[in-house]
Amino acid sequence: MKEQSDKRNGIFIAVFIFLTAMIWCPVIYGRYGDSGRIFSIPGWAFIVIILGIILFIAEWIYLFHTGLSLSDRDLEEIISELDQAKRKEIKS
Amino acid sequence: MSAVLIITGICMISVVISYAAFRRGSARSADDYFVAGSSLGYFVLIFSLLSSFLSAFSMFGMSSLGYRTGFGALFVLCVNLVPLGFLWYFMHRKTFILGRSRKWVSMGAPFGERYGNGMRVLIPVVTILASIPYLVAQIQGIGLMLEAMSEAIIPYKMGLLFVPAFIAVYLIMGGMKGAAWVNTVQGIFFSVMVFVLFFTVMMKNGGFGPTMDLVYERHPELFQLGAKGGKVWSYPMVFGFAAAMCLGSVCFPQPYMHAYSSRSAKGFKAMVVSFGGLCMILVICTTLVGIASTIIIPGLKGVQADKVYGLVATAVLPNWLAALAVAGGFTAAMSTVNGLVFGNATNVSNDLYKLLRPSATSGELVTVARLAVGGIMIICVILAWNPNTPVAELSVIAFGMVAVTIFPLWGAYFWKRATRHAAIASTLAGVGMNLTFFAIGGKSMVLFPQASLLQLNGFLMSLVVAGIVFVVGSLITQPGDIENKSLAIFFHSALTRQRSHERTDASGGVYATAEER
Numbered sequence: 000m001k002e003q004s005d006k007r008n009g010i011f012i013a014v015f016i017f018l019t020a021m022i023w024c025p026v027i028y029g030r031y032g033d034s035g036r037i038f039s040i041p042g043w044a045f046i047v048i049i050l051g052i053i054l055f056i057a058e059w060i061y062l063f064h065t066g067l068s069l070s071d072r073d074l075e076e077i078i079s080e081l082d083q084a085k086r087k088e089i090k091s
Numbered sequence: 000m001s002a003v004l005i006i007t008g009i010c011m012i013s014v015v016i017s018y019a020a021f022r023r024g025s026a027r028s029a030d031d032y033f034v035a036g037s038s039l040g041y042f043v044l045i046f047s048l049l050s051s052f053l054s055a056f057s058m059f060g061m062s063s064l065g066y067r068t069g070f071g072a073l074f075v076l077c078v079n080l081v082p083l084g085f086l087w088y089f090m091h092r093k094t095f096i097l098g099r100s101r102k103w104v105s106m107g108a109p110f111g112e113r114y115g116n117g118m119r120v121l122i123p124v125v126t127i128l129a130s131i132p133y134l135v136a137q138i139q140g141i142g143l144m145l146e147a148m149s150e151a152i153i154p155y156k157m158g159l160l161f162v163p164a165f166i167a168v169y170l171i172m173g174g175m176k177g178a179a180w181v182n183t184v185q186g187i188f189f190s191v192m193v194f195v196l197f198f199t200v201m202m203k204n205g206g207f208g209p210t211m212d213l214v215y216e217r218h219p220e221l222f223q224l225g226a227k228g229g230k231v232w233s234y235p236m237v238f239g240f241a242a243a244m245c246l247g248s249v250c251f252p253q254p255y256m257h258a259y260s261s262r263s264a265k266g267f268k269a270m271v272v273s274f275g276g277l278c279m280i281l282v283i284c285t286t287l288v289g290i291a292s293t294i295i296i297p298g299l300k301g302v303q304a305d306k307v308y309g310l311v312a313t314a315v316l317p318n319w320l321a322a323l324a325v326a327g328g329f330t331a332a333m334s335t336v337n338g339l340v341f342g343n344a345t346n347v348s349n350d351l352y353k354l355l356r357p358s359a360t361s362g363e364l365v366t367v368a369r370l371a372v373g374g375i376m377i378i379c380v381i382l383a384w385n386p387n388t389p390v391a392e393l394s395v396i397a398f399g400m401v402a403v404t405i406f407p408l409w410g411a412y413f414w415k416r417a418t419r420h421a422a423i424a425s426t427l428a429g430v431g432m433n434l435t436f437f438a439i440g441g442k443s444m445v446l447f448p449q450a451s452l453l454q455l456n457g458f459l460m461s462l463v464v465a466g467i468v469f470v471v472g473s474l475i476t477q478p479g480d481i482e483n484k485s486l487a488i489f490f491h492s493a494l495t496r497q498r499s500h501e502r503t504d505a506s507g508g509v510y511a512t513a514e515e516r
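Chains as they are written, first to last, in numbering that gives the first Met the number 0: chain A, 0 to 91; chain B, 0 to 516.
One chain only, chain A, in its complex shape (with noise of 0.2 Å):
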């Protein structure tokens, strides 16, 4: 099961990076010069801000709708589980 999770997690990550580079930079996509229009803007345009809520979609889908990012129940469990290293602490 933990297997699973981090290579979930390691896709979600890798998708992560991969869009953040394609919206960073048009290289793939864009060329320099006249440039085809999609719905009356530049292709390149149209392309980023469809990768952009691809991306937006993918984080949405990753912290709430996968079980792989924190949530108020873990927390309760981490602040807690901290709590008591925090006694140990204070006491030692």
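Just a few of them, taken from the derived set where beta-carbon distance is under 7 Å, the chain A residues facing chain B:
(1) Cys24
(2) Trp59
(3) Ile77
Just so you have them, the derived chain A footprint on chain B, three or more residues with Cβ under 8 Å:
(4) 65–78
(5) 82–93
(6) 212–221
(7) 228–240
(8) 253–267
(9) 275–288
(10) 480–491
Non-contacting residues of chain B with respect to chain A, defined by C-beta distances greater than 12 Å in every case (computed):
(11) Val3
(12) Lys156
(13) Phe194
(14) Thr360
(15) Gly374
(16) Ile439
By construction, these hints were calculated from the structure, which means they are not laboratory data.
All residues carry an ideal CB built from backbone N, CA and C; glycine is no exception.
Based on these hints, arrange chain B on the given structure of chain A.
Below, chain B alone, put in the same frame as chain A:
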């Protein structure tokens, strides 16, 4: 006259909201004052973070950039900020959890616990040095806007005294909760006004498609990458702007403050993911307003083009609505000032003053923060007194100076081998290089690709060097007692364990969580 009433109304409403927060006990204790008692829900967090980041530049500056350079501006403060959803989550997940457990309220706290007092002092000092030119630019903008909107009824210098005084009052009174509520109301207001202006501008020429067809007919260069012989929106220029703006945003005070103030994990996640999406929608609108304005108000050059947002609002909207649209930019500037001044005042009190007086009481820390709010405002107003002061020029390196702290932050949370010597050296090297590039080549060297810097801009070169210094420095120096002791907190097994997917019941079987089902 209507503009003066609108501005006064905005200031008064802000003070009333902050007073309401004050009455509800937002300044009862240090925890309440600095991080709103970690009680902010996701709606307030989303809009507060958005408006504390989006300055007047996101409206006036971006419409001007769209007007002058076209669609390439979409890579500046628009789509390029969507990656902040996962960058903020990964970089500030531990800020959020440990902040709650360790009662952190300031930026220096994680650095202090991980690397010792050297970094605890350095981080707030770098942040305030980077913030002041940025704040001066915002306050100058507020003064100039007020003068223009009121048709000189409120002169520049009176505006400088008038608005910052209001901001100081509501920050001093309402603390983080007051600032967040005010930011939320201002954020909703300027978002609505951006949409109103966008749709009106597009309808002026028969809708979005016909408007863009007209722009394409007259200014095809606005639709190109590498226009003007490869000088405008070349690939290195796009990458330089997109990466710089996004990475710079990771380390500003606002995400720390909002992470500490979040009531729940859900709120924290909603805040980080929504920011990029909302920026994309809002700033695309302001950029497209600028592009469409090339056919409504043609021929603006240089500084005149910076006024295109207000000019096109006046051209397409009734006077009172145009005043409200421009007031949207004014509130954006105000909310950015709120966020930065409050974040820095919190750092001054909790990182610097508390270091000098470790026995300082909660009330004393709140008092010092309130004094710091006043002090920072006074310094900024003095620096902004002359509208042509070159201090505001320095604001272009604000992002670069703060961004270099991303490596010590990453090392604190993810690399056990990170050392305090490397953290200090990396921060100083990055800040020093940003300042050097600015001194040598001005803002163009910081922002635009340079052949001498391998086609990177000064910002990215500083970031690369800071990263190398951090990694190499950590490998050649030994972690001391502070770093070793901090590992028990920063790398506690509870922080890294994958919890949501497997839970073992009493009999040892694995079952799915309610969330998964």
